[in-house]
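> Listed here are the chains, written in short residue letters.
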Amino acid sequence: MRRSMLFIPGNTPSLIVNGDILGADSIILDLEDAVSPAEKDSARILVRNTLKHLGLKGCEIVIRINPVDTDFWYKDLDEIVPHKPDMIMLPKVNGPEDVKKVSEYIAGIEEKCGMEKNTVKIITLIETTMGVENAFLIAGCDERVTAMFLGAEDLTADLRCVRTKEGAEILYCRQRLVTAARACGVDVYDTPFTDVEDIEGLYKDARFAKALGFTGKVSISPRHVEGINEVFSPTKAEIEYAHEVLDIIEEAKRMGRGVVSLRGKMIDAPIVNRAKQVIEMEKAIYGGTDHE
Amino acid sequence: MKIVKNAVAGTLESSDAYVQVSPNEAGIEIVLESVVLTQFGDAIKASVMEVLAENEVTNAKVSVNDRGAIDCTIRARVETALKRAQGEN
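Keeping their order, the protein sequence lines are chains A and B. Under this note's numbering, think of the first position of the first sequence as 1, with each following residue one higher. Under this note's numbering, think of the first position of the second sequence as 1, with each following residue one higher.
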């Protein structure tokens, strides 16, 4: 289960050491925008040592490497991949060829280190107009791609429009990314809400992203993690309904009934699948009852 | 690894360490300042020595100003400074 993903600058030890107690399901140790060119070497070694010695248990570890149009990305991978981060975040993905290039390089390191193939997954950061238009091809191009993430700041610069809190300018991009990701069976994460002080705005933005179909949301501030987790967790009513659905399905199986209804509504396969997803999330968040 | 020039890594911020490396003619010299010198001074020096050994550095002066960094941070800053001091980056 991954609802919230929190960026942490890759060259700031005081933030990194506390990364796993900030409540985020994933932390993203950033070697790209948060690190100046002169400090790339330093951050790379610090993040590698963090993976090697510190571990950061209790949350998923994602490393944002530098984009493929720089000379940094393969150096990042050389240091990071042998220490088995959960995922590599690849920024500024324009098309499948960017992903393939990185995936093949990771495969070489995995083989050299005796790691199982595809141990390290990829989350693609889509933040260019080309990337948005190629979203479906990117989502389905490689086994390592397990998630996508929309980055609206760079994207709106590429679109040559103003980034607003309301986000009308990125609606098409959000919907296109969700559709592409869902069509390929990968998770999809919404762009950060960048006003750290506006908690009400964060809730509104996160609820809208959830309504569009996003799996979760990325954050640049620990202050937003709690709100994102809350919005992207099933509500008490959703959990109760999911249990009712699975209970009535089990009962129908026992009774040999083919068609069942609950609260006056026919329970079909999509509703059952949705109920199973909710129960899975309940178990991951709170521990829960098995419906096997 | 031969240390050929002066180099620094890290910062003086909390939980970090500021490491300076310079050439030395006669072996290893470590100068340590730390907010936890009494409790962890020996352990920090041992970590610095380990990183020097891993990088096959036999002649260097290493100054560490530790601001409460954990072990893996100190090791990272020393390694970065060493690599910069050999002119790699």
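Hints are computed from structural coordinates only; laboratory data are not their basis. Be aware that a few hints might be false.
Straight line, CA to CA, 30 Å or less: simulated DSBU-like cross-link-like pairs of lysine-lysine [claimed, not checked]:
| # | chain 1 | residue 1 | chain 2 | residue 2 |
| --- | --- | --- | --- | --- |
| 1 | A | K204 | B | K5 |
| 2 | A | K112 | B | K2 |
| 3 | B | K83 | A | K265 |
| 4 | A | K57 | A | K253 |
| 5 | A | K100 | A | K165 |
| 6 | A | K210 | A | K236 |
| 7 | A | K112 | B | K83 |
| 8 | A | K165 | B | K45 |
| 9 | A | K100 | A | K84 |
| 10 | A | K52 | B | K5 |
| 11 | A | K101 | B | K83 |
| 12 | A | K75 | B | K2 |
| 13 | A | K75 | A | K112 |
| 14 | A | K57 | B | K45 |
| 15 | A | K84 | B | K83 |
| 16 | A | K265 | A | K253 |
| 17 | B | K83 | A | K52 |
| 18 | A | K84 | B | K45 |
| 19 | A | K253 | B | K83 |
| 20 | B | K45 | A | K75 |
| 21 | B | K2 | A | K52 |
| 22 | B | K61 | A | K75 |
Far from chain A by the CB rule (all over 10 Å, computed), these chain B residues [unchecked claim]:
| # | residue |
| --- | --- |
| 23 | S15 |
| 24 | E33 |
| 25 | V36 |
| 26 | N65 |
| 27 | I70 |
| 28 | D71 |
| 29 | A76 |
| 30 | Q86 |
Predicted, not measured: the structure shown is a model, and the values here were computed from it. Idealized CB from N, CA, C, for every residue including glycine.
> Now, for every hint given, state plainly whether the structure supports it.
Hints and how they fare:
no., hint, verdict
1, A/K204 - B/K5, "54 Å, violated"
2, A/K112 - B/K2, "28 Å, holds"
3, B/K83 - A/K265, "67 Å, violated"
4, A/K57 - A/K253, "41 Å, violated"
5, A/K100 - A/K165, "34 Å, violated"
6, A/K210 - A/K236, "16 Å, holds"
7, A/K112 - B/K83, "24 Å, holds"
8, A/K165 - B/K45, "51 Å, violated"
9, A/K100 - A/K84, "19 Å, holds"
10, A/K52 - B/K5, "29 Å, holds"
11, A/K101 - B/K83, "28 Å, holds"
12, A/K75 - B/K2, "22 Å, holds"
13, A/K75 - A/K112, "15 Å, holds"
14, A/K57 - B/K45, "27 Å, holds"
15, A/K84 - B/K83, "24 Å, holds"
16, A/K265 - A/K253, "18 Å, holds"
17, B/K83 - A/K52, "19 Å, holds"
18, A/K84 - B/K45, "29 Å, holds"
19, A/K253 - B/K83, "67 Å, violated"
20, B/K45 - A/K75, "29 Å, holds"
21, B/K2 - A/K52, "26 Å, holds"
22, B/K61 - A/K75, "28 Å, holds"
23, S15, "4 Å, violated"
24, E33, "17 Å, holds"
25, V36, "15 Å, holds"
26, N65, "14 Å, holds"
27, I70, "6 Å, violated"
28, D71, "7 Å, violated"
29, A76, "4 Å, violated"
30, Q86, "12 Å, holds"
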